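A.B. asks: Listed here are the chains, written in short residue letters.
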Amino acid sequence: MRARARRSILRRMPRYLVERTFPQGLEIPLGEEGVQLCRSMVQRNAGEDVTWLSSYVSADKHKTFCIYDAPTPEAIRRTAERNELPVDRITKVRVLDPYFYA
Amino acid sequence: MCAAIVPTRAIDETKSEVESVGLLERSGELAALAELLSAARKGSGRLALVYGEAGIGKTALVRRFCEDAGASARVLWGVCDALFTPRPLGPLLDIAHDAGGGLAEVIEAGGTPYEVAIALERELTERPPTILVFEDMHLADEATLDVLRLVGRRAAELPVLLIVTYRDEAVGRFHPLRLVLGEVAAASPVARVRLSRLSRDAVAGMAGTHGVLGGELYRTTAGNPFFVTEVLAAGDEQMPETVRDAVLGRAARLSVGARRLLDAIAVARPQSELWLLKALVPDDIELLEEASASGIVSEAAGAVSVRHELARLAVEDSIPANRREALHRRALELLAEPPSGVPEPARLAHHAEAVGDGSLVATFAPLAAAQASSLGAHREAAVHYRRALRFAELVPLDVRAQLFAGCAWESFLVVEFDEAVAAQREAIACCDQLGDRRQQGAALSFLAQLLWQAGSLPEALAAVKESLALLGEHPGPELVTARCQMAHLQLAAEDPEAALTWAQRAQQLAADLDDAPTRIMALQTVGWAEFYTGGSGGLEKLVSSLEMAKRSGVDWMAVMACVIIVRTACRRREYEIVEPYIRAGLEHSSLGDYDVFRYYLLAWRSMVLLARGDWAQAAQVAQICLANPCPFARIHALIALGLVRARRGDPDAWEPLDEGLALAQPRHEIQWIAQVAIARAEAAWLEGRSEDAIAETDAAFAEGAAGTWWAGALAYWRWRAGADESIPEVGEEQYRLEMAGEWAAASERWQAIGCPYEAAFALLDADDDASLRSALAEFQRLGAGPAIRLATARLREIGARGVPRGPHAATRENPASLTRRELEVLDLVADGLRNAEIAERLFVSERTVDHHVSAILRKLGVSNRLQAVTEATRLGIPAER
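First to last, the protein sequences are chains B and G. Take the first sequence: its letter number 45 is residue 45 in the numbering used here, and every next letter is one higher. Take the second sequence: its letter number 386 is residue 488 in the numbering used here, and every next letter is one higher.
Don't read these hints as lab results, they were simulated from the structure. All values reported here derive from a predicted model rather than from experimental measurement. C-beta atoms are modelled at their ideal positions from N, C-alpha and C, and glycine is treated no differently. A hint or two may mislead.
To be verified - Here are the simulated distance ranges between beta carbons: (1) G:534 - B:15: 37 to 47 Å; (2) B:84 - G:229: 39 to 49 Å; (3) B:15 - G:259: 36 to 46 Å; (4) G:133 - B:94: 33 to 43 Å; (5) G:561 - B:96: 28 to 38 Å; (6) G:649 - B:42: 12 to 22 Å; (7) B:24 - G:289: 34 to 44 Å; (8) G:842 - B:84: 27 to 37 Å; (9) B:62 - G:144: 37 to 47 Å; (10) B:42 - G:259: 52 to 62 Å; (11) B:15 - G:294: 18 to 28 Å; (12) G:230 - B:84: 30 to 40 Å; (13) G:144 - B:42: 40 to 50 Å; (14) B:94 - G:767: 27 to 37 Å.
As the list claims (entries may be wrong) - A short list of chain B residues far from chain G (calculated; beta carbon distances all over 12 Å): (15) 38; (16) 60; (17) 93.
Stated by the list, open to error - Stretches of chain G that chain B covers, calculated by requiring three or more beta carbons in the stretch to come under 8 Å of a beta carbon on chain B: (18) 720 to 726; (19) 750 to 764.
The following block holds chain B by itself, in its conformation from the complex:
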């Protein structure tokens, strides 16, 4: 158990912020259709070891800021293409929490 935990610390994947622009505005369908859509995206991501952590959407629904753990920026772009999502910009980020400095 300890060995596995140690390995996972050493191999933690980089985190990326992905900015997307949706000219028509982002619309995720409600109900079962939406659930299915998200599920299939997660599955496609898994094929490349990409994990979707969370997203923030602008009020007008034209821009999103999404956080991913992924091995490379190329993996993000490949899964984005498969999921038919636009990519404006990718930035590598590290978590900075307020309570860290409290």
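Keeping the supplied structure of chain B fixed, place chain G upon it in accordance with the hints.
C.D. replies: Using the frame of chain B, we list chain G on its own:
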């Protein structure tokens, strides 16, 4: 060289209750595999990776899955040996034994991995659907890995479920299996089935049925299925602390005779045939049934083995040392003269190694090396040679020289250059002692090649000079090779004239000799030297040499020809001709199993894809190359990946570029240093760090890049970064045109070469709406973030409308929105120069200057030059300096 087909895997016929219960908590994995099989049944093959730690139950899972599939699919199963050095094509021997037919014939005849893969594919299409299992692939030899790569990449088109099991903790970053799986995953859909330990509840459940405390059992075993099974089977009052103790506990319940039998079974790897066992322990052989009943060993197809590798290790370790050695020695004697009449060199080498007797190892390891090499398992061949060479003093000098040379060659093929150099030096020392000058000269010539690959051009040159001196008095094929080698090194030192001279001298000598390979090599070298400088006959000679090599069946020469064509054509940006030769080179690498060239060719492919603007593919191919440690392949893959990221504006561009620099610097070779510097300069400039961009180019010039082919690109980036220097007379024309202000002509040239990004980039110097918009459109198509921003800024600068992010109002600094170029021209107009003089000063055509002046007059709203200067002064437009 024939190989007797000896099956290794032991399919479980008597499954004890404990084992079947051990398949708790695997229903999800079984269901996943079943789904993959149904896809395979429809003809759409799948690959499943089943992995986890030792003892997690990979084999048990796959076995149960195959049973559940029943008659609906045929099962072909191969196991990788746990010999010190695995037998080449080990699992394929099992599979061929099961399948028979064409595949068995190919294996008997000593087929290469390429031939074996073709036969296997045919077998899979003939009797669909098949579950093809490769077990314990973390132990796989190189030949088996090649077969996996070839078949795996085509799996999607075959009616097969290819299951690969391995221990993931044994597969590190550069493990050959990881490399192969990466390549396969790029071509075929791969499902990952990772097995985890049993839960506390499951363990408690199993414990309950055996009257053991669940909590203690879980704490001891941590849920490892094998460990749990062993503990329960041992049935001791006291809970064993380790797997080893559990296994030995079980073994301790055997009678003395059965235990002796067990020892013999554990020693004979990968399994003990019954005849071998009878000969090893004649008095105890009747106790086989007792041993089987205990569940520690299993029997199949006339051979016995310990059921699990962990158990086997525990048993073998616990045998007293002298008894163990005696068993290995006896096994070696017996296996050297098997009833089938065909001994297996790898097994003999294994037992010799286990005995630890130097003369035995020195006898048998070389045989194993030769067999492995012929089957394309070069990694294993190298290991066998090294084993033998520990006892080098025990063999005569001439044999010793051969062993060192063999070791060097095999090490070279698996990209272990330092080992190769060391071994080759020893070979040379032996030749020296023997007084064999020809051999010594030939060996020195190959040493030069190795030293160059390992990163030291000066040392390589020294070696080849020594070779030439020695061979001068012995003209022959070796001298031709040495002269060719000298020519190669002169090209590496960026001295094509010297290279051509040496190549021609090689050719003159070759003409007098009646040796086809020598003539081919000389022709190839002359062709290379000519093609390098753009001489028209060069490419034809290279293609001729390729055809001749193909006809003579000399695969490595055919690969070399392809490699030379590809790298030289890429350097000259003649991209249209490159791809067919990459493909031909890859094919010949497969045929002869020369991995060292494969990744080099793929790295060039990534560079071509980069140039053509196919960035996603370029990055993907680059990543495949980067799973391999060969520096030659890595450097171009690193440049390609770095530039893809830099041009896209993606993070992590500097990681590959920094590694590229680290690889290039110690080599002191202009072509590497320059290419890396050019990429780094571009990346720095795209990030807005002009000073850093210039600093990168400084490093290349310090190494002597001035006056070479690379000077053009280097000067270009200095110019872009704002340096004010003269345009070099050498280097690529497109760069020189751009520096001279002829952006339109430069862009056309880039377009003709097939480089859309560079073509659009040149248009950034334009000051007309149409050109800049077309550049912007191209950057958007390519996804070139930084360039998009540059093009957009330029469009705003010239006052274009409808540009993203709103219209741009004229600023106070530039009230008339004059472009940089126009300000330059205006400045010279103010100095009183005529258009012709301005054209000369700015290295542009007079017509361009006329165009600029008209624009200036229009923007300032005036009708002549004097008014222009006056108005500019009034507006406070600063002079462009």
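A.B. asks: Against each hint, give a clear statement of whether it holds in the structure.
C.D. replies: The hints, checked one at a time:
no.: 1; hint: G:534 - B:15: 37 to 47 Å; verdict: violated (59 Å)
no.: 2; hint: B:84 - G:229: 39 to 49 Å; verdict: holds (40 Å)
no.: 3; hint: B:15 - G:259: 36 to 46 Å; verdict: holds (38 Å)
no.: 4; hint: G:133 - B:94: 33 to 43 Å; verdict: holds (39 Å)
no.: 5; hint: G:561 - B:96: 28 to 38 Å; verdict: violated (50 Å)
no.: 6; hint: G:649 - B:42: 12 to 22 Å; verdict: violated (53 Å)
no.: 7; hint: B:24 - G:289: 34 to 44 Å; verdict: holds (35 Å)
no.: 8; hint: G:842 - B:84: 27 to 37 Å; verdict: violated (45 Å)
no.: 9; hint: B:62 - G:144: 37 to 47 Å; verdict: holds (43 Å)
no.: 10; hint: B:42 - G:259: 52 to 62 Å; verdict: violated (28 Å)
no.: 11; hint: B:15 - G:294: 18 to 28 Å; verdict: holds (22 Å)
no.: 12; hint: G:230 - B:84: 30 to 40 Å; verdict: holds (34 Å)
no.: 13; hint: G:144 - B:42: 40 to 50 Å; verdict: violated (25 Å)
no.: 14; hint: B:94 - G:767: 27 to 37 Å; verdict: holds (29 Å)
no.: 15; hint: 38; verdict: holds (21 Å)
no.: 16; hint: 60; verdict: holds (16 Å)
no.: 17; hint: 93; verdict: violated (9 Å)
no.: 18; hint: 720 to 726; verdict: holds (count 3)
no.: 19; hint: 750 to 764; verdict: holds (count 5)
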